[in-house]
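Asks: Here are the chains, one letter per residue:
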Amino acid sequence: MKRRTLLASVALAASLGTAAFAQDDPTKACFVYVGPIGDGGWTYQHHQGALAVKEAYGDKVEIAYQESVPEGADAERVLTQMALSGCDIIFTTSFGYMDATNAVAAKFPDIKFEHATGYKREHPNVSTYNARFYEGRAVVGHIAGKMTKTNKIGYIASFPIPEVIMGINSYFHHAKMANPDVELVVTWAYTWFDPAKEADAARAMLDQGVDVITAHTDSTAPLAEIAKENGNAWGFGQASDMAAFTTNDDGTPGPRITSIIDEWSPYYVKRVGALMDGTYEQVDSWAGMPEGEVVIGPMNDAIPEDVKAEAQAMIDAITSGEYHPFTGPINKQDGSAWLAEGETADDGTLLGMDFYIEGITGEIPQ
Amino acid sequence: MIKLEKRPQPSRLWTYLAPLLAVVLTMIVGGILFSILGANPVEAIRTIFWDPLFNPQFAGYSRPQLLVKAGPLILIAIGLSIGFRAGIWNIGAEGQYIMGAICGAAAGLALYPSESVLIFPLMIVAGALGGWAWAMIPAVLKTRFGTNEILVSLMLVYVAENILASVSSGLLRNPDGMGFPGSRNFKQWEAGHNAELIANTGMHWGVVFAFIAVIGAYVMLTRHITGFHIRLTGEAPKAARFAGVNPARIVFLCLGLAGALAGLAGLFEVSGPAGQITIDFNSGYGFTAIIVAFLGRLHPVGILLAGLLMALTYIGGELAQLMLGVPGASIQLFQGMLLFFLLGVDVFTNYRIRIGTREVA
Amino acid sequence: MDLGAINPILLIASIMVSATPILLAAIGEMVVEKSGVLNLGVEGMMITGAVVAFAVAVNTGSPLLGFAAGAVGAAALSLSFGILTQLLMSNQVATGLGLTLVGLGLSSLIGKPYEGVKAPSLPRLDIPVLSDLPVVGRMLFSHDIMVYLSLLLVVAVWAFLKFTRAGLILRAVGESHDSAHALGYKVVRVRLLAILFGGACAGLGGAYLSLVRVPQWTEGITAGAGWIALAIVVFASWRAGRVAVGAYLFGGITVLQLNLQAAGAQVPVALLSASPYVITILVLVIISARGMHGAPASLGRSFHASN
Chain A
1 MKRRTLLASV
11 ALAASLGTAA
21 FAQDDPTKAC
31 FVYVGPIGDG
41 GWTYQHHQGA
51 LAVKEAYGDK
61 VEIAYQESVP
71 EGADAERVLT
81 QMALSGCDII
91 FTTSFGYMDA
101 TNAVAAKFPD
111 IKFEHATGYK
121 REHPNVSTYN
131 ARFYEGRAVV
141 GHIAGKMTKT
151 NKIGYIASFP
161 IPEVIMGINS
171 YFHHAKMANP
181 DVELVVTWAY
191 TWFDPAKEAD
201 AARAMLDQGV
211 DVITAHTDST
221 APLAEIAKEN
231 GNAWGFGQAS
241 DMAAFTTNDD
251 GTPGPRITSI
261 IDEWSPYYVK
271 RVGALMDGTY
281 EQVDSWAGMP
291 EGEVVIGPMN
301 DAIPEDVKAE
311 AQAMIDAITS
321 GEYHPFTGPI
331 NKQDGSAWLA
341 EGETADDGTL
351 LGMDFYIEGI
361 TGEIPQ
Chain B
1001 MIKLEKRPQP
1011 SRLWTYLAPL
1021 LAVVLTMIVG
1031 GILFSILGAN
1041 PVEAIRTIFW
1051 DPLFNPQFAG
1061 YSRPQLLVKA
1071 GPLILIAIGL
1081 SIGFRAGIWN
1091 IGAEGQYIMG
1101 AICGAAAGLA
1111 LYPSESVLIF
1121 PLMIVAGALG
1131 GWAWAMIPAV
1141 LKTRFGTNEI
1151 LVSLMLVYVA
1161 ENILASVSSG
1171 LLRNPDGMGF
1181 PGSRNFKQWE
1191 AGHNAELIAN
1201 TGMHWGVVFA
1211 FIAVIGAYVM
1221 LTRHITGFHI
1231 RLTGEAPKAA
1241 RFAGVNPARI
1251 VFLCLGLAGA
1261 LAGLAGLFEV
1271 SGPAGQITID
1281 FNSGYGFTAI
1291 IVAFLGRLHP
1301 VGILLAGLLM
1311 ALTYIGGELA
1321 QLMLGVPGAS
1331 IQLFQGMLLF
1341 FLLGVDVFTN
1351 YRIRIGTREV
1361 A
Chain C
2001 MDLGAINPIL
2011 LIASIMVSAT
2021 PILLAAIGEM
2031 VVEKSGVLNL
2041 GVEGMMITGA
2051 VVAFAVAVNT
2061 GSPLLGFAAG
2071 AVGAAALSLS
2081 FGILTQLLMS
2091 NQVATGLGLT
2101 LVGLGLSSLI
2111 GKPYEGVKAP
2121 SLPRLDIPVL
2131 SDLPVVGRML
2141 FSHDIMVYLS
2151 LLLVVAVWAF
2161 LKFTRAGLIL
2171 RAVGESHDSA
2181 HALGYKVVRV
2191 RLLAILFGGA
2201 CAGLGGAYLS
2211 LVRVPQWTEG
2221 ITAGAGWIAL
2231 AIVVFASWRA
2241 GRVAVGAYLF
2251 GGITVLQLNL
2261 QAAGAQVPVA
2271 LLSASPYVIT
2281 ILVLVIISAR
2291 GMHGAPASLG
2301 RSFHASN
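Chains A, B and C, in that order, give the protein sequences.
Residue numbers are given in our numbering: position 189 of the first sequence equals residue 189, and the series is strictly consecutive.
Position in the second sequence (from 1) plus 1000 gives the number in our numbering.
Position in the third sequence (from 1) plus 2000 gives the number in our numbering.
Keep in mind that the hints were calculated from the coordinates and are not lab data.
Where hints are given, some of them may not hold.
[Claimed, not checked] Straight-line C-alpha distance at most 30 Å; calculated BS3-like pairs for lysine-lysine:
(1) C:2118 - A:54
(2) A:60 - A:146
(3) A:146 - C:2118
(4) B:1238 - C:2186
(5) C:2118 - A:308
(6) A:28 - A:149
(7) C:2186 - A:228
(8) A:60 - A:107
(9) A:60 - C:2112
(10) A:28 - C:2118
(11) B:1006 - C:2112
(12) C:2186 - A:149
(13) A:308 - A:149
(14) A:54 - A:107
All values derive from a computational prediction rather than experimental measurement.
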């Protein structure tokens, strides 16, 4: 308790100090990243969002960030230092920062904290935000079902957490609707980022006849591996557009036929804007295609026109809210009913998803 | 012709001068690095070395944090240094640190949600035992088969990392964690929490143990017969044997001590600052501690200072990133340079430069 | 589960590719350790090689020039380790760890402008006639040139250590630097050359990651490959042939477990990933129990002529 009041008074002093200049003082938005901004995937996209904030508000905002902050003890220190340095709003962009975010938020009630992908909002100044990536998986799942010649599609999974399982189910469900004969192969890489291992995972699936692969890991290595199949296998950009693989050097369509882009800019711009004009409120945001947070990248010419049109129609339906990717009838893997005809999944079930849907073989590792 | 000549005794002057020279050199070269990266070099160096200690905005918070960051480094490095003095090269402290954390955390979590006051002491014992047991593997193999302990202890780091990955998404996973890998958070369980002993000082049990270890090691090495045996074994193994020192006993003692201290460091970290077992909970303290041990010249007081210096560059580096926007990688490079300079100028402590041919062949 | 889906020919072919970076780094480190020097900075040298190779390959359009530059760049970095440990007598363990820090930091600074850029690709070199053979053709003879080069390097190192005078001197230096010095050999010079060679090999390994395996530059691209290379040298008990076996085993376990997963088998991943290290420890125990000294006797000890 003592520590809390002491630190709070430090924070108070700091905010009083700046209050005098409050009119000209820019709003300071700070970002904590789990990886380097050059990872080309997860952190890169968050940083693009940070840059968009700067772009949108110019001199009225100041941004600061810290890269490669380990989850755990270091995160709490980095967050406190940010709070002391005069940040007005702090975005913590990895699940592992959840407890640290809430702990630091308790000490600095005047500073807003935004935690990505978590579920704990223990204090009024903590908001959480996430994106409905499963909407993107639905679209690429449909494309995968249409594109596969071997009827075997693959998913490079990272860790068996609800987020990933949700993605697998959505991908398979839509592939299956597009192509009833499709079979799904899942490999668990147990990493978010290890280019060589991701390449090995893609290679293992390609060698076993899988010809369309999506990844839940961050590097471009799977796409480069798929490229070696010379147009007989396809993949998707993950987290960022990975546009370098859209077209081969000889001008033929590259292995990246489209991509699922994490677009954090709209959310970041909106939240910092709300803070500046005084309309900021605590939220639990889980936005997707309608809000522009999940974006399907440009489709290349490897995708036939009719499939492009179907995919676009699905994007439009999800964006307008007409279609929910988890709409019944869907059974669980053991055949028991999950969603009845026309029923849509509720967010609670999705966020705690720990089961495969019917048709997926294999078990979720424990 | 420039020649190095070994001093009969390490130079006292250079013992103190060398670290200062290294820091100055690092500041100069680091300053050049930061100015290439477009930052004001003076400001960058000041942010790293000065601000965590004296900047009114941060110092109140970051000074105690120096202890939090340095605590585990010092604790591990003290254990390692005793082995290094005896010529026992345990470079697997990272693995012992992980196993200490896992065993300590598991012992505590097995009794969740009891609020008994005995839980934390139990965790401490289990943590020390876990690290000790992991270090006993190279010790037994060395004494029984003569297997090289450098390599065995290093291999065991990888094994421990795999065990960590397995338990954090399996055995120790938080049942209320929505399936995410990672254990329960000790900060939310008073009986198992290694909290600050005095609010806002950074002092937790790990820091207390680190100070005790420094004093204990100092007394043992300078005043106790065991310390003498350890030094003798390192400096003159044959003489040690004649003096009746049992080499196997020294191996068990040194590795066991290093393992137990590393295990303790892991336990204090997991139950305190880190809060939970996660897949990448170990952030390289076991390896950084090797650096700290050498920077401190294997002397307890030196290690204490080296640990604090290392912690300063971490925290100052974070501030430099935050306030000046220099890339995280430049801080890593800066730390590497500091280390290189410290190791490099150390040559003057033990050697003197001679220009011209040597007088005695 | 459908284990029949695993094609052994393709499996071996992909193990060969996947093991090449660690093989290159490990064979270099083996020579370094044979000379009595323990350089723990393999990870730092590899990643430096990876970034330098990528930058040069992108700017010149030639992957081969990239490989050469990666080797030179990493060797240059290893020289800092050489100067510190050989001329200034610093501790090898601490210096090696420092080298890793420097390499990781330096590489990401160099690499900033190259993020998201695509590398020119290294063509597959189908060896004429041989690559058309059934089974072994696809398995062994249709890889890119670096795969063959890595194997060639293993043979060359083996022959060098076994048959040449220079190889003998190198081993003598590693076994007993004092005796080697007494015999008039230049201990420091031999070790510096070995360190440079080790650096160049690690650089090639890193280059293979950034130019062929991934092929793109991203920070942290090596993701621990350098540490695996260190383990392989120990596993191999400092013999060139066994380094190749070790690299294929270490690389193979990852590839195999992913293949098993893709075939639908439930795999205890953590157990499998830990197994090469456990095997390495067992190998160490066996060789030491037989009374053979596995490691070069002077490994990790500093040398000064006045000692």
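Asks: Looking back at the hints listed earlier, which ones does the structure fail to meet?
Replies: Hints 2, 6, 7, 10, 11, 12 not satisfied by this model.
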